[in-house]
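Colleague: One-letter residues, chain by chain:
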Amino acid sequence: MDQLVNTLLGILTSVSILVLISIGLAVIFGMMKIINFAHGTFLMLGAFFTVTAVRAGLDFWPAAVIATLAMGVVGLIVERLLIRHLYGRLEATMLATFGLALILEQVAVLIWGTSSTGISAPLSNFRVGRFSFSEYEVSLIAIAALLLLLAYLVFTRTRFGIMARATTQNPEMASALGINARGINMGTFAFGAALAGAGGAALAPITAVSPSMGAGYIANAFMTVVVGGPAVVTGTSLSAGLLGSVQRLVSEKTSLVLGALSVLVLAIVILRLMPEGISGRLRRTL
Amino acid sequence: MSAALSLGRRVPGEVLVLAAIVLAAILVSSLASEFQANEWTLWVLYGLLALSFTFIWGHGGIFSFGQAAFFGLGGYAYSVAAINLLPHTNETITALLTGALVGAIAAGLVGYFIFYGDVNDVAVAIITLAFSLVLLTVMSGTADPKYHIGTAQLGGYNGMVGVPPITVGLPGGTPMALSQQSTLELFAIVAGAIAVGVHVLLRRPFGRVVAALRVNELRTLLLGFDVRRYKLATFMLGGAIAGLAGAGYAAWGIFISPAVFGLQQAAFVAIWVLLGGRTSLLGAFVGVVLVEELTSKLGGNAGDSTPIVLGAVLIAVVLLLPAGIVPTLQRWGRRLLPGPRERPSPARASERTGPENAQAAAPVLASEAAWGAGGEEVLRADELGKRFGGVRALDRVSVDFPGRGLSCLIGPNGAGKSTFFHLLSGRHRPSTGEVVLDGRRITSWRPDRRARAGLGIKLQVPSLYHELSASENMWLAAYARTRSASRADRRAAEMLDWLGLAERAADPASVLSHGQQQWLEIGMVVATEPKVILLDEPTAGMSPEETQKTARLVTALAEQAAVIVVEHDMDFVRELDAPVMMFHEGSLFAHGSISELREDERILDIYLGRPVGVEG
Numbered sequence: 001m002d003q004l005v006n007t008l009l010g011i012l013t014s015v016s017i018l019v020l021i022s023i024g025l026a027v028i029f030g031m032m033k034i035i036n037f038a039h040g041t042f043l044m045l046g047a048f049f050t051v052t053a054v055r056a057g058l059d060f061w062p063a064a065v066i067a068t069l070a071m072g073v074v075g076l077i078v079e080r081l082l083i084r085h086l087y088g089r090l091e092a093t094m095l096a097t098f099g100l101a102l103i104l105e106q107v108a109v110l111i112w113g114t115s116s117t118g119i120s121a122p123l124s125n126f127r128v129g130r131f132s133f134s135e136y137e138v139s140l141i142a143i144a145a146l147l148l149l150l151a152y153l154v155f156t157r158t159r160f161g162i163m164a165r166a167t168t169q170n171p172e173m174a175s176a177l178g179i180n181a182r183g184i185n186m187g188t189f190a191f192g193a194a195l196a197g198a199g200g201a202a203l204a205p206i207t208a209v210s211p212s213m214g215a216g217y218i219a220n221a222f223m224t225v226v227v228g229g230p231a232v233v234t235g236t237s238l239s240a241g242l243l244g245s246v247q248r249l250v251s252e253k254t255s256l257v258l259g260a261l262s263v264l265v266l267a268i269v270i271l272r273l274m275p276e277g278i279s280g281r282l283r284r285t286l
Numbered sequence: 001m002s003a004a005l006s007l008g009r010r011v012p013g014e015v016l017v018l019a020a021i022v023l024a025a026i027l028v029s030s031l032a033s034e035f036q037a038n039e040w041t042l043w044v045l046y047g048l049l050a051l052s053f054t055f056i057w058g059h060g061g062i063f064s065f066g067q068a069a070f071f072g073l074g075g076y077a078y079s080v081a082a083i084n085l086l087p088h089t090n091e092t093i094t095a096l097l098t099g100a101l102v103g104a105i106a107a108g109l110v111g112y113f114i115f116y117g118d119v120n121d122v123a124v125a126i127i128t129l130a131f132s133l134v135l136l137t138v139m140s141g142t143a144d145p146k147y148h149i150g151t152a153q154l155g156g157y158n159g160m161v162g163v164p165p166i167t168v169g170l171p172g173g174t175p176m177a178l179s180q181q182s183t184l185e186l187f188a189i190v191a192g193a194i195a196v197g198v199h200v201l202l203r204r205p206f207g208r209v210v211a212a213l214r215v216n217e218l219r220t221l222l223l224g225f226d227v228r229r230y231k232l233a234t235f236m237l238g239g240a241i242a243g244l245a246g247a248g249y250a251a252w253g254i255f256i257s258p259a260v261f262g263l264q265q266a267a268f269v270a271i272w273v274l275l276g277g278r279t280s281l282l283g284a285f286v287g288v289v290l291v292e293e294l295t296s297k298l299g300g301n302a303g304d305s306t307p308i309v310l311g312a313v314l315i316a317v318v319l320l321l322p323a324g325i326v327p328t329l330q331r332w333g334r335r336l337l338p339g340p341r342e343r344p345s346p347a348r349a350s351e352r353t354g355p356e357n358a359q360a361a362a363p364v365l366a367s368e369a370a371w372g373a374g375g376e377e378v379l380r381a382d383e384l385g386k387r388f389g390g391v392r393a394l395d396r397v398s399v400d401f402p403g404r405g406l407s408c409l410i411g412p413n414g415a416g417k418s419t420f421f422h423l424l425s426g427r428h429r430p431s432t433g434e435v436v437l438d439g440r441r442i443t444s445w446r447p448d449r450r451a452r453a454g455l456g457i458k459l460q461v462p463s464l465y466h467e468l469s470a471s472e473n474m475w476l477a478a479y480a481r482t483r484s485a486s487r488a489d490r491r492a493a494e495m496l497d498w499l500g501l502a503e504r505a506a507d508p509a510s511v512l513s514h515g516q517q518q519w520l521e522i523g524m525v526v527a528t529e530p531k532v533i534l535l536d537e538p539t540a541g542m543s544p545e546e547t548q549k550t551a552r553l554v555t556a557l558a559e560q561a562a563v564i565v566v567e568h569d570m571d572f573v574r575e576l577d578a579p580v581m582m583f584h585e586g587s588l589f590a591h592g593s594i595s596e597l598r599e600d601e602r603i604l605d606i607y608l609g610r611p612v613g614v615e616g
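Taken in sequence, the protein lines are chains Y and Z. The numbering of the first sequence is our numbering, which starts it at 1 and goes up by one. The numbering of the second sequence is our numbering, which starts it at 1 and goes up by one.
Next up, chain Z with everything else stripped away, as it sits in the complex (with noise of 0.2 Å):
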């Protein structure tokens, strides 16, 4: 999974093997059968069909049992457009261009409600099936003549009959329908160039924000990507490819019927992919002809247990070949042949690496300019409040943050300080009052947009990309940002300088220790330059030292931004030396300085569960 997200810029292997696939299929398109050429235009097709499924499943981790329909509604599209146009332009070739269309169309149309209605993933799953069986019922329902499309016949259960071939032609000249071999060379070109098109969108910085949000969508939502048009854009783009291979279909067997909406043809889209690997474009071909291969053997000698080999292939590559045939493959030649292709060795990265504590010193927020003078209001709480069912967690608390320097947020366990926290955030609406960032009222924004108006967060709980290395994982934080690959890669090195890490750029995030992540990742929320930050506990789980390095690396940055930090641990409250909110009980009860706080036999009472003095 790794090897598909690595910022390496070598040749990869797969490309070569497409491009030898194509080469191949054109030398061997010409020496083919009719009949040769016939089932392997069949082959190609469907390992377009799976290879948008590998995209958006394997690469952009939604699980949608709706490519046999966009396939389904390809070929239809294809089958009206050229049936009408046919006799006007002599080609079907804006026909074939047709089919991606509605196959995009119609997945930005079920995409649209699934992601923006944040639908978790069974129901996705669940959607694109039902999506998939309505249409099959819907289109098994047109039998009647009144149901056409200019003078193409929809035809019900018994599909659409007379589908013209891939012609090619001009306007008023001769229309020429391709022979078999042409259509398999036709097919397999494009197929090349989708795989190869699509291999290279997966190593640009689209590629690579769709395999971070498959990785972790929280993090990814909270660094300021619109996650949502991530995923649509994905599965509108599987919905073309699907399409297109859809509309190829139709004109390869001039027909389509209903039954490419069916529960088999779903079945089939996700035993190719699952059983040539779902991370890989190659596998994708390979699934297909595997699985065709035995199907056509299973059809000449015991026809009737066919769908049982295939359930049960399907149940065995799950249980145990999970990763598939291809990368399973991979995997072992590469064990085979360590050549080439080793991680940069430690000793490279670490020339770079600076003085542990530079942090003080280090430039952090670039374009500190763009935000204007600190000091004023950057962020205020009005009236805030937040009830769960009958149960009030904040009650209309007002606060405001002045735009440079720190503020601590203390309280015991279900004061309401982290419910204030995810208020600010946007994880939760609260129930009455306003939160306003610069000047705007950012109250019912999403994280992602608050994230990009210049609000950091950075949650209790390290949220890292886990199998993603210390740089890309920085990298996709400094992209939130600068938008742009280059300057990116500048700031990631930069960041990583600055938080002692640059020695460990290249280990996956997982391997890191804990202190290590926590500063990982509030280097990354750095990263996004924003003008408040939002830490809940960084200190967690941390040793009295590395306690220290993150409390100096906290007050570096209340330099440059307005910093609120909630947090348990009262020592490193007191080394912060910061002004404190004390929450209690969803109000907030107190603020001043530690030691003011400290005078105060209240909240002695309130942290020791002593009843507060009823009389002050």
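Chain Y on its own, in the form it takes in the complex (with noise of 0.2 Å):
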């Protein structure tokens, strides 16, 4: 019984930290068809902000709240100095964030140096049979299924997500209809990077929280968003659930290291199937 629960809690965890590391590159891949190669950066720098406001006196979760909502203002002006500029450009989207993601890199270890810090989690730990668990950890299985739902509800019950999703499945009809792309483009990138910031953020009390943080996420992340597809909601839920799944079960039987090759392995046997990623065969659009 406590083996059990403690497998299942395992595996839902994998699946949520896959959630929070890519929902922000899915909705920014999903709804723009761009890759963002600084999300890594991205995800470091919401754990900073979070850091940084808890040691400023803050509690977790507000602090959480903050790096959030910071997260979405760098997205903001990220999209207008640079994406803007590129739109249409795939490569060149890619390498100039790549670009991006260097600088913002270095300029973190200019502000916060190259040590790793962190935050202790908050909550506490209850116990099954012989296995303690941190709440904390349980507790990012609400956090993902959270953002999710929100990503949900922020294209299917608002103004701005059915506008962005008419761009992204006809953008002429849409800018016939009048509705502003260049808007609509800058709030689905802030709105990628804020759920980016979200992510950091969840993850600051969990792991090292340093500079080059971010490269040990984004492989997981691009891969969770290539084999979820183009719907951001439905394909991230099932991708993260059979990569995480996956990679838990492996992990645990064997080595972390095999299961990172299983994570990649699986990824690319998953593609070689259904090329357009799993909702691609679905045919959802969220």
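Mixed in with the good hints, there may be bad ones.
Unchecked claim - Estimated spans, in silico, between C-beta atoms of each pair: (1) Y:116 x Z:87: 38 to 48 Å; (2) Z:331 x Y:116: 44 to 54 Å; (3) Y:77 x Z:305: 14 to 24 Å; (4) Y:33 x Z:605: 40 to 50 Å; (5) Y:80 x Z:204: 39 to 49 Å; (6) Z:449 x Y:249: 33 to 43 Å; (7) Z:485 x Y:249: 51 to 61 Å; (8) Z:461 x Y:88: 12 to 22 Å; (9) Y:159 x Z:414: 30 to 40 Å; (10) Y:159 x Z:320: 34 to 44 Å; (11) Y:245 x Z:513: 57 to 67 Å; (12) Y:150 x Z:322: 34 to 44 Å; (13) Z:510 x Y:249: 51 to 61 Å.
Stated by the list, open to error - Think about it this way: if two alpha-carbon atoms lie no more than 25 Å apart in a straight line, the pair counts; the simulated SDA-like pairs of lysine to any residue are: (14) Z:146 x Y:262; (15) Z:146 x Z:88; (16) Y:33 x Z:217.
Hints are computed from structural coordinates only; laboratory data are not their basis. C-beta atoms are modelled at their ideal positions from N, C-alpha and C, and glycine is treated no differently.
With the hints as a guide, bring the two chains together.
Modeller: Have a look at this one:
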């Protein structure tokens, strides 16, 4: 019984972490067809903003919200200064965001130094049989679900979200209807960056926060997004569910290294069978 | 870009420059200090790595972050092979080649999945980057002494130490490690030879097809080229070059660590190539030298800001100088010195311009005899059906097409004729039924295989190689059939004559009129010598005269092959005067001659949107 709970919670936590690190990337990719290679640094900045706010005396939860909003602002600036000039140039966007990642990471080094810091997890621990669990790690599952729900609601229930989906599906028709594509793109990118910030904030208590921490996550985040395909919510949840479970089970049975390898192999095999990703096959749009 | 695709046979400047570099390297390496020779060897090796990316991205159109990974794998392969073999063979040249081989094999494995899975460009970039980063994790986790290959310890995060330098010798003889200067000499010559080899390859038919599929992959597929195989071959060659460079890198540093799989290394490859110019082989080396000089200057003064400057350079080049330095300089140079490199003048080309309307007489399908007698059916659709989600776009249609002659498919929008067309061409897979070409079931074949089996397809929107000249376009089509460069040259000239486009042979396809583009594409389909020609709205956007000329052209083709035309323009259909099949609501509604169909009240009703009469 306790063994089962342990395994199940382990899987759910792994899946949730994949959702947290990839949802922001998925929004930007799914809605704007842009691959943001600075996504890892967005996660890192979200985590650092949280740590800084906590050090300044705030509780973890308000600090995380502030970090999320701050990353939204960063996203807005990045879109206006950089991304805006590169729409329609897929490779150029990848390269420019790659350059941005190098810059932001080094800026973080200059501000916060290279050594890693962290904050202690809020909440306490609980026990099931032989195993002790961190309440915060369990609440990551709720946070991940919440962010997915948030993305779903924004894109189905808000004026902005519906216009954003219209722009994605048929840009010409959308602009013929008077939708301001520039504004929509700016908003979508900022929203994606904010979600990345939220992901980074959620990770801050369970990981070593350092300027290079993004590199440890982006491979998994990218694979979750390409395996998930174009539909943001459906794709991310299904693909995180699949990749996260396999990663956790393989890691537990063998080693972390093989766990990392298994995600790559699985992602490549899935893409061989479903080149448009899981949600591409399902013909879902969100 | 078009310079790299030029069919000319002049001795290209880049070759001379590289030959000079090799000579200079030999000369300079004998004079250089140990330190300089050491630094320049690294530049040469990085240059090779950059060159591998120039080849697959700038020329093959494959945007991959995997070159650094193949470089790293080549380095590890060299180290493992050299440590194990050196005591027995007294040399490490075998290990060097092992590095190239491992790079090619790794690229082949990754490439098989991404190209044969028809993965899109974004996923290619991401999978290759993930491949590199996962290798970083995996190789960093091999610190335990149990991870060894033969006598070589993988060493985990700290990497492999005691890697032998480049050593020459014979089994049983004495091993001789090369000096810094000789190592520089060796790699400069190897790099020069590879660069010249790639340069030559790009001018061979293989290189032209690779460049063509970068410009227009769909057209290349429809001409019958197996684009997946071409991409895989390009990717593997790129992997081999990167692997060799990595092997050299491990020998150069007598060390290799997982850092080569990191983001920074992947970023460097992109920066070098982007800065130097992604289509320029020389640019690969120029980019390396500029970036390396920049970082070593910064390392001396303001080490901490190096990544910021690199990132800023990357962004600045993307925004301001997307072509890169060397191509931009070459363009300026050409503007200053309008020398012997001009395109052939139109006057020369026009000498062989035939009469404008020679279509009817021309022997078009050269190997007609090979196709056997016409008359019997060549293409058959058997109960062909297609559903899209809940929509039944086509409902079990069965049609035979005879080996010669014209058939027209008509029907209002949404009638299913386009779906039918795409099921024949292979862009869609049918939900039910079979497609049979010449007695062979081709239902599950990809478009390129169908094209090679004799199905020629022209889509509605002109799909040409816009930056290539009309004759280069035609050459590619002819080469798809003949697989011989010289025969394709002759055939392309013949075809352009036949189309009345000989005068425009040297012009880029993009500057031809709309009608000429349509004819050029029809001509390209014909040049592949198909048994069945599928034309989707060949007269869309044409003037009445152009439409008439197209009608004569299509009629002439129908004497030698089965021609199936999907058309909206009823005047054109009347002009063709061929059997007509009318589609309605996913079924074959009626067939007969155009005058018979015009008698049919129901068809008028369908076109006018009136409900079809309940009882006829």
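Colleague: Hint by hint, say whether it matches the structure.
Modeller: Tested hints:
{"no.": "1", "hint": "Y:116 x Z:87: 38 to 48 Å", "verdict": "holds (43 Å)"}
{"no.": "2", "hint": "Z:331 x Y:116: 44 to 54 Å", "verdict": "holds (48 Å)"}
{"no.": "3", "hint": "Y:77 x Z:305: 14 to 24 Å", "verdict": "holds (21 Å)"}
{"no.": "4", "hint": "Y:33 x Z:605: 40 to 50 Å", "verdict": "holds (43 Å)"}
{"no.": "5", "hint": "Y:80 x Z:204: 39 to 49 Å", "verdict": "holds (47 Å)"}
{"no.": "6", "hint": "Z:449 x Y:249: 33 to 43 Å", "verdict": "holds (40 Å)"}
{"no.": "7", "hint": "Z:485 x Y:249: 51 to 61 Å", "verdict": "holds (55 Å)"}
{"no.": "8", "hint": "Z:461 x Y:88: 12 to 22 Å", "verdict": "holds (19 Å)"}
{"no.": "9", "hint": "Y:159 x Z:414: 30 to 40 Å", "verdict": "holds (32 Å)"}
{"no.": "10", "hint": "Y:159 x Z:320: 34 to 44 Å", "verdict": "holds (37 Å)"}
{"no.": "11", "hint": "Y:245 x Z:513: 57 to 67 Å", "verdict": "holds (58 Å)"}
{"no.": "12", "hint": "Y:150 x Z:322: 34 to 44 Å", "verdict": "holds (37 Å)"}
{"no.": "13", "hint": "Z:510 x Y:249: 51 to 61 Å", "verdict": "holds (54 Å)"}
{"no.": "14", "hint": "Z:146 x Y:262", "verdict": "holds (21 Å)"}
{"no.": "15", "hint": "Z:146 x Z:88", "verdict": "holds (24 Å)"}
{"no.": "16", "hint": "Y:33 x Z:217", "verdict": "holds (20 Å)"}
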